[in-house]
Amino acid sequence: MTDNFINIYVNNKRMQTSGINGSRPQDYSLYSRGKKGVKPASPRGYLVQENIISGAVSNVKAYGDSAKYLYDAAIKGEGNDYSVGRINDLTLRMGSLGIAVALAASKVTPVGKGMEFVGLASWFAGMALWPQIIGAPIKWAKGFDINQEYVNSKGDRKKFFIDPQYLPWDLYSDEQIYKIGDKLGVPKDIKDRKTAIQDKMKQIAIQGNTLAMITAGIATPVLASIIADRAQKYVVTPAVEAYRISSAERNLDSFDKKIGKLLEAVNNNSQAPEAYRQGTEALNRQFEELFRLDKKALGKLNAILGAGEEKALTRAELTQLEKFFEARHNGSGAYKGIQDILKEIGDETQLDIDSLRKGLQQQFKLSDDQLNDIFKPGQDGTIKKNSIIRKTKSLITAQLAPDGNITPAIKNSLDEQQKVINGMLEQNTRYRVDSGRIRRVFSLTEGFVSLRSQVERFETATIRNISDSLTANQWREVPVKYLQSLGLSQKQIRQLAAGSINASETLTRHFEQMSPEQATKALKKMSRISDKAIKREEKALARMLGSLLKVKEATSAIARINNLENLAGEFERNLNLYAERTGNKILDTVSSFTRPIKALDIFTRDLATDVSQLLKGKNYDITQNSGLAFGKVVDNIVAYVKDIAIHRNDVDNWTNKMETTFREIPHGVRENGLLADIAELVFGKLSPAAEKSIENPAMVQKINSHNELMKKTMLAINNPIQPHMNRQDLGEFSRPFKSLATISGKDVADFFVDAAQDMLCKNKWWKFTAILGGTTAALSALAIFSFGRKNSVNPDVYEKKGGKA
Amino acid sequence: MNLNSLGPPVINAGMPYIQQYYPYVTPQQQPYTPYIPEREQGIASPPLFTDFINRIQLYRSTSATEYKNNLRTLFQNNKAVIYAMIPRTFNAENYNDTDLIDGNDRPGTFLNAVERLDEIKEMGINTLHVLPIHPPGKIKAKGNDGSVYAPKDYLQIDPGLDDKNDPRPVKEEMKEFIKECHKRNIKVMLDLPSCMSVDLYMARPDLRAEDALGNPETPQGWEDIRMFEPWADEDNRVLNPALIEMHKKYIDMCIDLGVDGIRADVARAKPVEFWDVIIPYARSRDPEFAFLAESYTYEDASPILNMPKDRPEDLLRSGFDSYYGQYHIFHSWQAGDFHEFIKENLEMTHRLDKGKSLIGSFATHDDPSPMANGGPEYCMMTNVLQATVPMTNPYIITGYESGDRYIYDYPDTKLPDGNKKYYVHDEFLDIFNLSRKPEGENPEIGNHFRDLMVNFRRKYEDIITKGSYIELDVEGSKNDDIIAFARHYKGRTILVAANKDPNAREKAEIKVPGIRPNQVLQDLSPSYGEQSIYKAGQNRVVINLGPARAHIFEINTPNIESEAKKVFKQNL
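Residue numbers (my numbering), protein chains in the order written: chain A, 1 to 805; chain Z, 806 to 1377.
Incorrect hints may have been included.
[As the list claims (entries may be wrong)] Calculated lysine to any residue pairs in the SDA-like style (CA-CA distance at most 25 Å, straight line):
#, chain 1, residue 1, chain 2, residue 2
1, Z, K1114, A, A41
2, A, K39, Z, R1042
3, A, K191, Z, D1081
4, Z, K1114, A, R193
5, A, K76, Z, K1312
6, A, K191, Z, K1312
7, A, K191, Z, L1018
8, A, K76, Z, R1042
Hints listed in this document are in silico derivations from the structure and should not be mistaken for laboratory results.
Work the whole structure out from these sequences, hints included.
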């Protein structure tokens, strides 16, 4: 039944008078009555929900978008506030990258260069991370992310709370808002609860963003420095090292293959003359394929030698040739061989007769007959210089003193003329040179230098003492790890770091106070560390020496095939020295890394018993004539051995026969037997307890055999210097043995002093960072706790539904 | 037909006179013939009476064909041609040197507005957009009379619009005005403000929107108005009954006045649920009651503080018949942007009920005069586009037809609070002050518009209002300034080519599938500006257009829809 007009009128009147304080209006709540009405459509934008991977992909895509915006703005002249703002982000990073590139160019080492870029990335990472670090506890405590991002209908990606005046609330569902409201403690029975929750969220977001901005000045540098420091230690340095080593190994492998083929060809070269000659040429060509010959330098050489196989060089040209090789190879290790070969040229001379004849004619006005006589060959068919001089001089004498009266003036004049004749002879002397041979010398020496440099490149990456090499990295890490394994307190580390004077005392005290368990643990750790480190060094050495040997074989073989014996000898000598030097370096490292282990063993074993057993029945000065009881002598020697182990086990002391150690024996230990016993204690085998602690028989064997080698080496100093115990000439006779310092390793005290200083510096830095960062974090946490809470500014007065609160 | 059944008598006092001089006869028996005053016949007669008689005649003639609102149908069929006017300035007369209407100047009123209705009609206008007619609030008002969009009372009419020489109340005068419009078959669409003045805010706490601290929500930049609170309980989507009630009364008032539809100012200021109540209510009283939304685009880029986001599609779903669109930024577009806009809107219509449309909002009172974008030639180019684009009801604002640049010479007087007394936006139509009648020095714009609406558009009405839209490819246009499209309906095609650049000629080649070299290109639009050159080729038209020139050609390409790639249609 339809309503009549009166009812419609009455109902309308009722609706007009109801007002907001009247009965709940019926018409206007479409949903409560179940009536379907128009609702707002879903928004075209969306909240960004990403994980780490998709977030990283978005970041990369963002850079691509920024580049496009830059192109649109710079080239097409198109843009809006969003796109131009994004350009700023890109150009900021590009500018920073440019600065990093410029700074990296001034750095020498790869790690130094790499760290410029790591520093740049760390800074931006710090800037990006800090708001997330602030946002995480807020999200946990308040239920929403103040760093939430969204994408609007145009595809622009923005932070949701970046502009508090414009918040696209329609992107959050009602359910999400109410859930956040529950977390925030907004009462459920209030009017406009959703608006109240949104206002609270806005408030917290502003507070959070403000906090992030205020603290960013401190937090960003702290974060950046932490990231950069960790990156350097765990990423950059290992990566650079690994890259350099693998690159060097790859190059060396390729090099080895090529040179291996050459050696095979050398071995297979036929001995039959013609075949040998042809084979030699083929080998020479194959040798030259191993390296890149400097064509420019060859051109200069050919300018001196000419195009043919032989040439008669003038004196000036010969000097040029000598200077050429000096400039290129003086100090290369092959120069002496080159000099010998060039000297041979000096022996092969010939005269330029025509030129000399002309010169004599012009100078002395000689007739043709006279000249013919001068240049008449001797019985052997040759024209000798002496004959020319004699005959010319005779003619001149006849000219000057026809009567045969040679006055002093005439004699002077004759002497002058003699000089002129000598000069002319010199000028007209030609040095016959085998140009092909000299070119061969050039090629060989260039090849030698080049091939050796390829092996040197491997050494540079691995065992050379330069920044970022394997050895350098190990030397930076191993001492610190050793120190950490000893369990020293901060105070003790500071004492160590203060310097060698206190270091040995600190170490001695600590070693003596270590319990067996602590000692076992320390020995185990140190042996593992050194095992790994030494193996890497020895592996690199073996690799390098293998290639070096091939270089030696190849260059000396090719030199010999080309009849350049001297050169071959020089090559071998030089390369042998190089190998020896490198081997010594490794030995030094092994000594340095194993000494602390041996020192700890000395302190923790029953040394008194060992000393007693060694001294029993022996008539040493110290036991017989010191006036001390045997036990006391043993105690003293125990103390001395420990002292030697910590900071006196060096070449100086061994060449002074332990003069500075043994206070009872001035001028050093004279008895060889005692010295040998001392050496046995210092360099002897590890104790059974130490061996058990180390657990690695191979490492035990290595340490023992190395110590054995060092013992023999140090003891070998003894006999030659023994007769020169008089202080005045001891220094002179012990000087040759000072070179043993290159293999004896670093003093244990110095070893740990350097480590302590390094550690202390790092600790100070960490302490400072921790204080700064920790304070900032703590204050931030306090602030976050108060976000969104009721206070005098935000009274949080809500109106209950259906009436006042 | 009983005169009384049509409402209160138009002339009560003069009835004896009428009956004495012009006996009542039934409409069927007495065709309308204008009463010729005796003085024109050589006989003197009271001049006042002339007017009365003619009004009666007209009244009776229109009553003979009873007026029926069909504004909604017009919008749905893209046939509304709209003219926006402000009653207080529409036919103001300025006798002194300033642009202000003061002293002895005559302000615009409803009654004197009637004098210009024939002029409007001649331009081809069939719909008036009457800007708000309520008394403006005075507290924190801008301008010397207050903004027309800051009403003090939605249910009152500004007494300033009352003709002091007429004894009738202003409401009756407005009705008279609307009747005169209807006689000329001009629909009247009243502007519904989106907010309230500070006065109304103070008077009606039940309508206020306030933030959590109790501060009024003011739309950013509009300090003289306040937002309405649309919700009683937003969480449960319960609307504010006081707001609903007030708007229902407003609708009742509109219908009683004879208004045919509403233009909702800043329609997004109220939620879709609100419109979902008000629009059906209005249509329950008048099914043809039309609703035009001031809404521009899905807004994410340029938000306004305290104003909800713009969602035109939601508004159209809630019952609006048409909306503004973004033609007002046409000057900043390239041709590609133009086509993209048209396509987007055509595609949108397929997600909505049939017959949703746009208005040709190239010029609005919220934008600077289009004269600033390129002078009269630019305006005439937009006339051509308005006349030819799909799903668009042509729209112009008062003063546009004569090229008014809306430059006012107001004195720079400051008020005690430091604000300007005569507040106005530079080169915008003045909605804040009692100001001169909008008019400029380029009547050719209005003439051009008239020719297009009256001659061209009516002739090609089917193609324009129902035809497909075919975007045409253009080659050789340097800055993408050539707009080229075709409209096709039942075998007939028109081609439109326009040069957007008001400063330079443009040469290009338009790819027109199916056109032959023998096609004669005769411009159907009135000529203006620099001459253009155009020639048809095989599947192309080579053009050399003058600055801001636009042309319309009918071409013989019956199969263009199947041959073209980009063909779009409105959901009708």
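> Which numbered hints turn out to be false for this structure?
Replying inline: 6 and 8
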